[in-house]
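What follows is the residue order along each chain.
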Amino acid sequence: MNSFTLHETRLDPQRLREALAHPGCGGYVTFEGAVRDHNEGRTVRRLEYEAFAPLALREGARILSEARARFGLERACCAHRVGELQIGELAVWVGVSAAHRGEAFDACRYIIDQVKHRVPIWKKEYYAEGDSGWVNCERCAAAPSPAGVPAHEHA
Amino acid sequence: MSGAPLYGLVLAGGRATRMGRDKASLEYAGKPQLVRAMELLAPHVRRAFVSVRREQAQKPVQHAYETIVDLTPDLGPLGGIQAALAAHPANAWLILACDLPFLGEATLEYLILHRASARLATAFRSRSDGLPEPLCAIYEPASRDAIEAWIKAGERCPRAWMRRSDIALIELPDPRALDNINTSAEYAAASAALRERRRLNVRYFALLREQAGRNAEMVESAARTPQELYEELRVQHGLQLAPEHLRVAVNDEFGDWSQPLAEGDTVVFLPPVAGG
Numbered sequence: 028m029n030s031f032t033l034h035e036t037r038l039d040p041q042r043l044r045e046a047l048a049h050p051g052c053g054g055y056v057t058f059e060g061a062v063r064d065h066n067e068g069r070t071v072r073r074l075e076y077e078a079f080a081p082l083a084l085r086e087g088a089r090i091l092s093e094a095r096a097r098f099g100l101e102r103a104c105c106a107h108r109v110g111e112l113q114i115g116e117l118a119v120w121v122g123v124s125a126a127h128r129g130e131a132f133d134a135c136r137y138i139i140d141q142v143k144h145r146v147p148i149w150k151k152e153y154y155a156e157g158d159s160g161w162v163n164c165e166r167c168a169a170a171p172s173p174a175g176v177p178a179h180e181h182a
Numbered sequence: 071m072s073g074a075p076l077y078g079l080v081l082a083g084g085r086a087t088r089m090g091r092d093k094a095s096l097e098y099a100g101k102p103q104l105v106r107a108m109e110l111l112a113p114h115v116r117r118a119f120v121s122v123r124r125e126q127a128q129k130p131v132q133h134a135y136e137t138i139v140d141l142t143p144d145l146g147p148l149g150g151i152q153a154a155l156a157a158h159p160a161n162a163w164l165i166l167a168c169d170l171p172f173l174g175e176a177t178l179e180y181l182i183l184h185r186a187s188a189r190l191a192t193a194f195r196s197r198s199d200g201l202p203e204p205l206c207a208i209y210e211p212a213s214r215d216a217i218e219a220w221i222k223a224g225e226r227c228p229r230a231w232m233r234r235s236d237i238a239l240i241e242l243p244d245p246r247a248l249d250n251i252n253t254s255a256e257y258a259a260a261s262a263a264l265r266e267r268r269r270l271n272v273r274y275f276a277l278l279r280e281q282a283g284r285n286a287e288m289v290e291s292a293a294r295t296p297q298e299l300y301e302e303l304r305v306q307h308g309l310q311l312a313p314e315h316l317r318v319a320v321n322d323e324f325g326d327w328s329q330p331l332a333e334g335d336t337v338v339f340l341p342p343v344a345g346g
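Sequences listed follow chains A and B, in order. Be aware that the first sequence starts at 28, since it is given in my numbering, and climbs by one per residue. Be aware that the second sequence starts at 71, since it is given in my numbering, and climbs by one per residue.
Do not take every clue at face value.
What the hints assert, rightly or not - Sample of chain A residues at the chain B side, in silico, Cβ under 7 Å:
| no. | residue |
| --- | --- |
| 1 | 79 |
| 2 | 167 |
| 3 | 168 |
As the list claims (entries may be wrong) - Ranges of calculated distance between the beta carbons of each label pair, as one might list FRET restraints:
| no. | chain 1 | residue 1 | chain 2 | residue 2 | range |
| --- | --- | --- | --- | --- | --- |
| 4 | B | 259 | A | 58 | 53 to 61 Å |
| 5 | B | 182 | A | 45 | 55 to 63 Å |
| 6 | B | 184 | A | 40 | 46 to 54 Å |
| 7 | A | 44 | B | 283 | 40 to 48 Å |
| 8 | A | 127 | B | 329 | 39 to 47 Å |
| 9 | A | 42 | B | 283 | 34 to 42 Å |
| 10 | A | 93 | B | 283 | 32 to 40 Å |
| 11 | B | 175 | A | 35 | 34 to 42 Å |
| 12 | B | 332 | A | 42 | 38 to 46 Å |
| 13 | A | 114 | B | 175 | 44 to 52 Å |
| 14 | B | 329 | A | 110 | 27 to 35 Å |
| 15 | B | 114 | A | 65 | 45 to 53 Å |
| 16 | B | 283 | A | 36 | 22 to 30 Å |
Don't read these hints as lab results, they were simulated from the structure. Keep in mind that this is a model prediction, so the values were computed, not measured. All C-beta atoms in this analysis are idealised placements derived from N, C-alpha and C, irrespective of residue type, glycine included.
Sequences are here, hints too, so could you generate the full structure?
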C-alpha cells in the first residue's frame with residue numbers, strides 16, 4: 028500500500044494517525060498544514076489544489092521511503108488534499124513514528140519540505156479582490172529567469 | 071476569422087529544375103505531395119484549386135482538381151497567385167507551395183486563426199531569416215492591385231513584395247513546418263523524417279492547462295525531444311512559461327528535456343509546484 032495518498036475529501040487526522048502505530052516506537056510526530064487566509068500580503072478566500080496524480084503518488088512514495096531509510100523510521104505517511112479548500116481546512120498531513128523523538132521530528136520536517144518542492148501538486152489562490160493566481164507560477168510567467176538557471180525548485 | 075471567404079490554391083506549376091522532376095508528384099508515404107497538400111487544404115477553404123502552367127493543364131494528376139492556369143508565363147509562384155486573385159477577385163486566397171511535406175493541420179489552423187483580413191496578407195515569419203514566408207500565406211482581395219503593380223514593375227519575387235507591403239507577420243508554431251524540398255537529397259531526408267513523425271499525448275496542468283485552454287491533446291509531431299515539442303506547443307498555444315521554469319515528465323515519470331520521444335508517449339510539462 029502506498030503511504031502517500033491524495034484525497035478529494037476532508038482529511039481526518041485521527042484516522043490517519045492509526046497507520047503509524049508500532050510497538051517499537053516511542054516517538055510519534057505529525058504535521059498538519061492548513062489553508063491560511065493570507066499569503067504574501069494578500070487576503071486569500073480559498074484555495075484549489077491540482078495534482079498530476081500518477082507522478083505525485085510515485086514521487087510522494089519515494090520521499091517517504093527515503094525518509095524511512097534516512098531516519099530509521101518505522102512508519103511514514105503523508106496525505107494531501109486536491110480540489111477546492113476553504114480557509115482553515117487541512118491541506119496536508121504528515122505522520123511518522125520512530126523509536127525516539129529526535130529522528131521523528133527531523134523526518135517529519137524532511138518529508139513536508141520535500142513534498143513541497145518535488146511532488147507535482149499545484150496551488151491556486153483566490154484572493155479577496157476577486158482575482159486568482161497559481162502560487163510560484165505567476166512570477167515565472169511575468170518575468171522569465173535567466174536561461175539555464177533552474178527556477179523550478181523554489182517553493 | 072473574418073473577412074472575404076477563403077479559397078485555397080496549391081502551387082504545382084513549378085519547374086523544379088534542381089529536383090529534376092515534378093515536385094507535385096513526389097510521394098511521401100505512398101501519396102503524391104499534390105494529393106497530400108490538397109487533402110490538407112480542402113477542409114479549411116470554401117474551394118480548393120491547383121495552380122498550373124498552361125502546358126500542364128492536361129496532365130492527369132491535376133485532373134482530379136479544379137485548376138487555375140497562369141495568366142502570365144514564367145512568373146513563378148507569383149504568376150499562380152496573380153491568376154487566382156484575378157479569377158476570383160472577391161475572395162481571399164490561402165496559397166500553399168507544393169513542396170512543404172512537413173506542413174500539417176495545426177500550422178494551417180494557426181494561420182487561419184491569426185488571419186488579419188484588414189491587411190493585404192497574413193504570413194508566417196521565417197524561423198531562419200525572419201522574413202515573410204509567401205508560399206504558406208493568406209492573400210486578401212485587396213492585395214490584387216498591389217501585386218499587379220508589382221508584376222508590372224518587372225518584379226516577380228513574392229517575398230520581396232511582402233517585405234514592402236502592409237502584411238501581418240505571425241510566429242510559426244512548428245519550426246520545421248515550412249521546410250521545403252528542392253533537391254533529391256532533401257527529398258530523401260524529408261521522406262525519412264516524415265516516417266519518424268509520431269503521435270504524442272500531451273497533458274496540461276495548472277497554469278499551463280489554463281494557457282493551453284485544454285487538459286490534454288493528441289499531437290502529431292516531428293519533435294524528437296520534449297524540448298522540441300515544448301517549443302512547438304509554446305508558440306501554438308501562447309504558453310507563457312519558459313522551459314527553464316518547467317520540468318518534464320514522460321510516461322508518468324520525470325524525464326529529461328533531451329530524451330528521445332517515441333510513438334504514443336505521454337508528455338507532461340510541469341509548472342513550478344506548490345504543494346503543502
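**Prompt:** Which numbered hints turn out to be false for this structure?
**Reply:** The structure conflicts with no hint, since it agrees with every one listed earlier.
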